[in-house]
Amino acid sequence: MGDSSKQIREAARKLFEENKVDLIIGFEDGSLPLRATPCFIRRGEDAERLVWNSFCENNLATYLPKKKGKTGIVAKGCDSRSIVGFLKEKQIERENLVIIGVPCEGMIDRKAVEERLGEREILSVEEGPEEIVVKGTDYEEKMKKEDLLPESCRICTHRNPVLYDVLIGEALEEQKVADPFELIREFEGRTAEERWAYFCGETEKCIRCYACRNACPICYCEACYVDSSEPQWFGKSIESTDTMIFHIVRAFHTTGRCVDCGACIRACPMDVDLRFLNKKIEKDVLELFSFEAGEDPDEPPPLTTYKQDDPEEFIK
Amino acid sequence: MEMHEALQASWEPKIVAFLCNWCSYAGADLAGVGRIQYPPNTRTIRVPCSGRVNPLFILRALQNGADGVLVSGCHPGDCHYLSGNYAARRRFAVFSRLLEYVGIEKGRLHFSWVSAAEAGRFAEVITEVTEEVRKLGPAKRLVKKKVE
Amino acid sequence: MEEKTIRKDNLMSLLADLTGSCQVLAPVRKGNSIVFEEILTGDEIHLSEYNTRKSVKEVFFPQRERLFAYRGQETREPSPPDKERIVFGVRPCDARSLSLLDFVFDGEDFKDPYYCSKRDNTTVIAIGCSRPMRTCFCTDTGGDPFSLEGADVLLIDMGETYFVLPVTQRGEGFLQGKSGFERAEQDQIQRKEEIIEKARESVGSDLNIERIKSVLDSDFDNPLWETVHEKCLGCGVCTFLCPTCHCFDILDEGDSNQGERIRIWDSCMFPLFTLHASGTNPRPGGKERMRQRILHKFKYFVDNHNRVACTGCGRCIRACPVNLDIREVLEDIQNPE
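Residue numbers (the numbering used here), protein chains in the order written: chain E, 1 to 316; chain D, 317 to 464; chain H, 465 to 801.
If we strip away everything but chain E, and leave its shape as in the complex, we get (with noise of 0.2 Å):
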């Protein structure tokens, strides 16, 4: 990680200095425990802020529409996804970006590690290769950092980049995800009941903050539905359907386009269970139109086109 660190800085200097960008978005060290944070660097002696580790939970994708000029940006594998979602939507020109792809083994869910502390305060963390130790006031304790995957990150198929000008270190041997929709599956089993009890439960805690939503870089919309006042769709509260609406709909738009990148579950502040939805379509779209988003930026997203032959036993 270290290394990867040190290569990062390298790259953005070079690229500097070769006159290749005026913009580079990175990673630089948050300013608490298990935090890493955006950065935005114009000059070459701005390099050194870079980091690497596995706190580089964000997708920094979610900075690159509209940007003017010439960006370079450091991209996980999903981020670099998100990348081939922009370019196939038209988002950005593929000229204007140099990407530095960065084979990832995964990010440490924060959640997770406050789940196993309990209420303790976390006061400091080492990275090591495998481990991490975290400090608190009173207790130290090492986690395995393959525990504290989250489930985007547990199942991921695509750890290094699809899309890269600079790779930084090697690439990583793809993990085989005997079935990355497993629990997806297993609450298709459940009743519609207890589906419904489950989807009430998790959107009962929304506070329509809309982290998930500015945190996801395909949603990118500049008027969004959830303002749309001619017509108003639904309502702007937090009253029931009217979060399960917003739910519902914002999953929807990310038919064919969400990568999986777990930036929105990451990002909303009360925990709702946002990949229940999002890996939903992804799951009925790969079985439905066998397309997988990110992949190939050439090929049309799934709804825009149609085939003769279309699955339509839903329709009498």
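In case anyone wonders, no lab produced these hints; they're calculated from the structure.
A portion of the hints provided could be inaccurate.
Claimed, not checked - In silico BS3-like pairs for lysine-lysine, Cα to Cα no more than 25 Å straight-line:
{"no.": "1", "chain 1": "H", "residue 1": "Lys662", "chain 2": "E", "residue 2": "Lys66"}
{"no.": "2", "chain 1": "E", "residue 1": "Lys205", "chain 2": "D", "residue 2": "Lys456"}
{"no.": "3", "chain 1": "E", "residue 1": "Lys205", "chain 2": "D", "residue 2": "Lys451"}
{"no.": "4", "chain 1": "E", "residue 1": "Lys6", "chain 2": "E", "residue 2": "Lys70"}
{"no.": "5", "chain 1": "D", "residue 1": "Lys456", "chain 2": "E", "residue 2": "Lys283"}
{"no.": "6", "chain 1": "H", "residue 1": "Lys662", "chain 2": "E", "residue 2": "Lys135"}
{"no.": "7", "chain 1": "E", "residue 1": "Lys144", "chain 2": "E", "residue 2": "Lys111"}
{"no.": "8", "chain 1": "D", "residue 1": "Lys330", "chain 2": "E", "residue 2": "Lys205"}
{"no.": "9", "chain 1": "H", "residue 1": "Lys751", "chain 2": "E", "residue 2": "Lys68"}
{"no.": "10", "chain 1": "E", "residue 1": "Lys205", "chain 2": "H", "residue 2": "Lys494"}
{"no.": "11", "chain 1": "E", "residue 1": "Lys88", "chain 2": "E", "residue 2": "Lys283"}
{"no.": "12", "chain 1": "E", "residue 1": "Lys68", "chain 2": "E", "residue 2": "Lys90"}
{"no.": "13", "chain 1": "H", "residue 1": "Lys468", "chain 2": "E", "residue 2": "Lys70"}
{"no.": "14", "chain 1": "D", "residue 1": "Lys451", "chain 2": "E", "residue 2": "Lys316"}
{"no.": "15", "chain 1": "E", "residue 1": "Lys205", "chain 2": "D", "residue 2": "Lys460"}
{"no.": "16", "chain 1": "H", "residue 1": "Lys582", "chain 2": "E", "residue 2": "Lys205"}
{"no.": "17", "chain 1": "H", "residue 1": "Lys662", "chain 2": "H", "residue 2": "Lys677"}
{"no.": "18", "chain 1": "E", "residue 1": "Lys316", "chain 2": "D", "residue 2": "Lys422"}
{"no.": "19", "chain 1": "D", "residue 1": "Lys330", "chain 2": "E", "residue 2": "Lys316"}
{"no.": "20", "chain 1": "E", "residue 1": "Lys88", "chain 2": "E", "residue 2": "Lys20"}
{"no.": "21", "chain 1": "D", "residue 1": "Lys460", "chain 2": "D", "residue 2": "Lys422"}
{"no.": "22", "chain 1": "H", "residue 1": "Lys494", "chain 2": "H", "residue 2": "Lys472"}
{"no.": "23", "chain 1": "E", "residue 1": "Lys307", "chain 2": "E", "residue 2": "Lys283"}
{"no.": "24", "chain 1": "H", "residue 1": "Lys751", "chain 2": "E", "residue 2": "Lys67"}
{"no.": "25", "chain 1": "E", "residue 1": "Lys90", "chain 2": "E", "residue 2": "Lys307"}
{"no.": "26", "chain 1": "E", "residue 1": "Lys176", "chain 2": "E", "residue 2": "Lys283"}
{"no.": "27", "chain 1": "E", "residue 1": "Lys111", "chain 2": "H", "residue 2": "Lys662"}
Unchecked claim - Far from chain E, by Cβ distances over 12 Å, these chain H residues were calculated:
{"no.": "28", "residue": "Phe532"}
{"no.": "29", "residue": "Val568"}
{"no.": "30", "residue": "Thr587"}
Even glycine gets a Cβ: it sits at the ideal position worked out from N, Cα and C.
Got chain E; can you put chains D and H on it based on the hints?
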């Protein structure tokens, strides 16, 4: 209170049907011309094409108390706008699965292809849909409470 | 007012008994969050090192509140609260925020009836912060881990007992006639002082915002605003979890037959904030909105009420999805490189 109870006892399903102008709506019209009887529970909304139907329309109908929703369009290959119904087919394949997944009962949301000549077929579809929705009872999920 | 003590188990029984005649709200564990909710038995109460996820403002200024309803030609306003309320387990930073919100909703020129009726019938029982968190900076915003502001009663955790400081008449009234409260002994008073001293020292923040107002007064076009907002996603997490943020929107929901006018939380971070009907927006982007947030809290509120509209609770710092740290922003504004 009495009115409320009376309404409950004699509940009839309220179904919102989005019918594409060129095929399904024409088919419905033909059924009317032919005096074909079918349950009167449907409120029809004419749209130019099944591809015009936004999932938000369906959700709004459900939120406002529709017990069932039908979206009906031209048969694949016959769309007046060439490919609108193909887009609808893909869109609603995903959307119908999503709604069922979150727990909205399977029989609330329906889709059909009914052509302008298929008056009888239209009546059949409406009858089927009405009966399925009737079996499910009044919609309770996703219905926004009205002010008492 | 006389200082007292009460055994913790006695206080818990007292609160449980009070649920019969009052609405008692306290921190309750819900999944991974701790939030203020009505308790019924007292077993639900969950006190911890961590502050509640959402602040106490929603007890007085709910996220969704009906202003009135209509049906046909009739309108109906919400009935005033019928039960007295007690909110227990409020940290001093949150209790202080109530006195700041009072400037807005219970001011000299205007009193918001919805807020005031709740404020007037609620007893705030605060618990002093014996273990401030690293993200706490209450002392920099004019507060203190044992501040009395906004509280009716302040409790100090002494292990098996709470030290009880009545702060207001209302607080004094709360203690009247209730069993379990004993006069504080001299050694307990001594211990209390020690605990307070230790906690004050442990607020680790070295942020100094003495110059922030003068800097903000003079430099609206500071080039720093261009970069300070860049990583901000523009979501509403900071504003919604913040105990002093109070922007709201008023909406009508319903149709020609029935409906209601409601008030909901709004956020200066949202794109519709200050969007004019003409389509222009004086704060079109993240830069203007971030500047507005900082100015509101650290200049405009000071201009209007002589107080900083921030209590240093640290929720925004912990919850921000991109770790945008308001302390860093304040540092950078005051001390540009």
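Verification of the supplied hints:
| no. | hint | in the structure |
| --- | --- | --- |
| 1 | Lys662/H - Lys66/E | violated, 50 Å |
| 2 | Lys205/E - Lys456/D | holds, 20 Å |
| 3 | Lys205/E - Lys451/D | violated, 32 Å |
| 4 | Lys6/E - Lys70/E | holds, 22 Å |
| 5 | Lys456/D - Lys283/E | violated, 28 Å |
| 6 | Lys662/H - Lys135/E | holds, 21 Å |
| 7 | Lys144/E - Lys111/E | holds, 15 Å |
| 8 | Lys330/D - Lys205/E | violated, 31 Å |
| 9 | Lys751/H - Lys68/E | holds, 16 Å |
| 10 | Lys205/E - Lys494/H | holds, 9 Å |
| 11 | Lys88/E - Lys283/E | holds, 20 Å |
| 12 | Lys68/E - Lys90/E | holds, 14 Å |
| 13 | Lys468/H - Lys70/E | violated, 67 Å |
| 14 | Lys451/D - Lys316/E | holds, 18 Å |
| 15 | Lys205/E - Lys460/D | holds, 18 Å |
| 16 | Lys582/H - Lys205/E | holds, 23 Å |
| 17 | Lys662/H - Lys677/H | violated, 30 Å |
| 18 | Lys316/E - Lys422/D | holds, 14 Å |
| 19 | Lys330/D - Lys316/E | holds, 19 Å |
| 20 | Lys88/E - Lys20/E | holds, 23 Å |
| 21 | Lys460/D - Lys422/D | holds, 20 Å |
| 22 | Lys494/H - Lys472/H | holds, 23 Å |
| 23 | Lys307/E - Lys283/E | holds, 19 Å |
| 24 | Lys751/H - Lys67/E | holds, 15 Å |
| 25 | Lys90/E - Lys307/E | holds, 23 Å |
| 26 | Lys176/E - Lys283/E | holds, 17 Å |
| 27 | Lys111/E - Lys662/H | violated, 30 Å |
| 28 | Phe532 | holds, 15 Å |
| 29 | Val568 | holds, 20 Å |
| 30 | Thr587 | holds, 26 Å |
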